[in-house]
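Visitor: Residue numbers (numbering that gives the first Met the number 0), protein chains in the order written: chain A, 0 to 427; chain B, 0 to 288; chain C, 0 to 136.
Honestly, the hints are just simulated from the structure, not real lab data.
Sample of chain B residues facing chain A (criterion: CB under 8 Å; computed from the structure): (1) D162; (2) E164; (3) R165; (4) P184.
BS3-like cross-link-like pairs, simulated, lysine-lysine; straight-line CA separation at most 30 Å: (5) C:K84 to A:K380; (6) B:K215 to A:K237; (7) C:K65 to A:K337; (8) A:K293 to A:K380; (9) A:K324 to B:K142; (10) A:K234 to B:K215; (11) A:K337 to B:K215; (12) A:K324 to A:K337; (13) B:K242 to A:K337; (14) A:K293 to A:K416; (15) B:K96 to C:K15; (16) A:K337 to B:K208; (17) A:K237 to B:K208; (18) B:K242 to C:K65; (19) B:K156 to C:K84; (20) B:K96 to C:K102; (21) A:K401 to A:K363; (22) B:K99 to C:K16; (23) C:K84 to B:K96; (24) A:K337 to B:K247; (25) A:K324 to B:K208; (26) A:K363 to A:K90; (27) A:K324 to B:K240.
As the structure is a computational prediction, the values presented were derived from the model and not from experiment. We put the beta carbon where it would ideally sit given N, CA and C, even for glycine.
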Amino acid sequence: MVIGGGIAGISASIDLGNAGYEVVLVEKLPSIGGRMLQLSETFPTLDCAQCTLTPKTVETGQHPRIRLLTYSEVDEVAGQAGDFLVKIRRKASYVDWEKCTGCGLCQQKCPSKNPSEFDRGMGMGKAIYTLSPQAVPNKPVINPSACRFFREKKCRVCEKVCPVGAIDYEQKDSFIQERVGAILTAVGFDLMPQERFGEYGYGEVPDVIDGLAFERLNSASGPTTGEIKRPSDGKIPKEVVFIQCTGSRDPERYMPYCSRVCCMYTAKHARLYKHKVHDGQAYIFYMDIRSAGKGYEEFIQQGMEEEGIVYLRGRVSRLFRDDGKIIVWGVDTLTGRKIEISADLVVLATAMISHRETKDLAKKLGIVSDDYGFLTEAQRKLRPVETNVEGIYIAGCAQGPKDIADAVAHANAAASKVQGLFAKHKND
Amino acid sequence: MDYLYFPGCTLYTKAKNLDQTARKCSSLLGFELKELPNWTCCGATFPLATDNLMALLAPSRILANAREQGTTLTTLCAICFNVIKRTNRLIQEDGEKRDKINNFIEKSYQGDLRVLHYLEILKQDIGFSGLKGKVKKSLAGLKAAPYYGCMLLRPFKEMGFDDKERPTLFEEFLEALGANPVEFPYKIECCGSFQSVGAPDIATECSYKILTSAMKNGAEVVVSTCPMCTFNMDHKQAEIKEKYLGFKEIPVLYFTQLLGIAMGLDYRTLGFEQNFVDPMPLLDEKGLL
Amino acid sequence: MKIELKRQMVHNEFAKKVELISGQNLFACYQCGNCTAGCPVAFAMEVGPHQIIRYTLLGLEEEALKANTFWLCASCLQCTSRCPKGIDIARVMDALRMVVLRKKDRQDRIQISEFSEEFLERVPQIAFISGFRKFLS
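Next comes chain A alone, as it looks inside the complex:
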């Protein structure tokens, strides 16, 4: 069983499926793809994230040996390596996926609008939704807290327009049991919410957004069809401040660790911004630049040389709204001066954290998680994908912050460990 349908979970599932094993892939969201679905382009190549991801999600969806259980969560785990019994909750989607043809009419006609979680609040979404037009599986779910029928007993438009009568408001959560030989946990990461940062406005300053929100702004399939616009008034920002290490490397107030990917994605954001807004200026407040991967350092340098990004070495003490602009109080320790910027848009590279539920999942699995909720590897240096429980493996950002290439390598390693386990017990 693979828990988590992000790039790590998908990579591992395909490896295992191709090796001849049956895979059950459990994903809590309605479709697979994870965080990569939210990205516009990936570093250092600036390849389109969807173009890289979609072949993989489609392959996973069509793979003869991979069974997708999306919109599902692990409820209980019992047993041991070779013989785990997992109870899975299949959440009520209020749509009969057997009947649904993925025509999308319900989404078109749904009158409800609410801030989209997927779009990190940058845009509105419908109460009945798929995460993207290329969702695998391409079946919608209804969010009862946003749906007019569930809240006020009105509407029912989706039911009316569905050509195959797939809407079922009476649907309930259901449970199934799966018996598997090994479990691979690849549940991914979350970002520290902006609401934590008092000195940055507690998430209430409209044009202060986080990294994932910027990805959505920059995405052609996003709420602004890829135009970099200020959320408050839709204007094109000309002075954009990026703040790295927001909540990372901050043992006194937030997380002590480095989130590893922010230096790279911030440079990417600044470069993509400049590609679209030629007369705009990007400033990046940083403490250090961590660009250790192949082509990464060159990518950073190119950003400075070609896009004219100004890197200011120092933190930002505070920012606040003033007359429609955001006043940023930072410092450039290289010149020793205080820096004040009147910004149009501020992008916070907030710390990578574990999902709130990861700790609970770890408990259910009987594996160790650390103080920050990340899953603990069996040995820090030499056993990066195993856990303290035989037969349970970890992959991707669930184990700690890493970029896509490392997550895939991690996932491939975990998949190979599963195969090793199965090969050893082939005759049992």
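Starting from the known structure of chain A, fit chains B and C onto it as the hints suggest.
Guide: Just chains B and C now, with coordinates in the frame of chain A:
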């Protein structure tokens, strides 16, 4: 309920208006401020040098004396509040220093006095809705900018007064009185404090920034809890006007002066003569006299 | 402007004294500059608080003590409240003041004799008391 009260030196002289109005208002609100007998100056700064025990003696004496008289001590001046509360915390936590201090001042204070700011009494013991109920003359939507300054809020771990980045206690107080609190970014930034003695131009500049920020956000009056801040922001408007021609004056009131108006006290008893920028024209215009 | 660094400079008496008086570990500072960024009076300082810490750590006593940085500090504690490493920078600034004021030659930073009558009358005693504590030896 009665509270032991530490006025502090400045409230007896330059900030009499803060002291007097507070006392009058407490009676109206149902509690008495029982002035601590034989009190002495608190020292005005909490010693940041860890080996400076001498500077801790004055506030420790205040705490020890207060504890002999009761269990709760209140003060109005934000600086006194900061010094006394931080000293209290130190005595609670550092046994070695506690013994040395007690030995010297010949007391046996253990750190079990509760130290409250007057605004905390209003919030915790009376409640702002209770306060609202006692308002005789609502402040008619007066646009008041609550200036917290530094000493009420920092260090947060020791003061615990309110959220140090976005405090709201003062705004709740102003709303209860019927005023319109003005949100402005400089409400938690320093006024320059004692630099009015060491580097006066610095204090002038800090105050200027605070006042212009308040005015830019629509404030008609700035409300203070500290005689040091009031000196820098009210009295130093003379220096500000010299440096920044065209600077428009804005009255700075103590929170208890506003409280006094709301409680229906005669304006002549509110000590406006001690305010540098005359608040009367504004209050008259608002019908608050 | 070149520094010829030796280990004795790093573990020097001056830095140790500052650490002792302030109770802070100067090695914890990773020079992020957050203190300087949020300091309300740093606009008038020759060098920011983070730089003074750097000078102290590297043993540049003369340069550290020559700067006006810690004299302008108003002990507002904004730096301390935002330091990601939990360093109490306000204490470090005060420690630097103490290092100077406790020197044998007892040089006061301010001269009371230079205050006018009018100044003494006008300024509230709270300012004088705290001022004297910070500026007189």
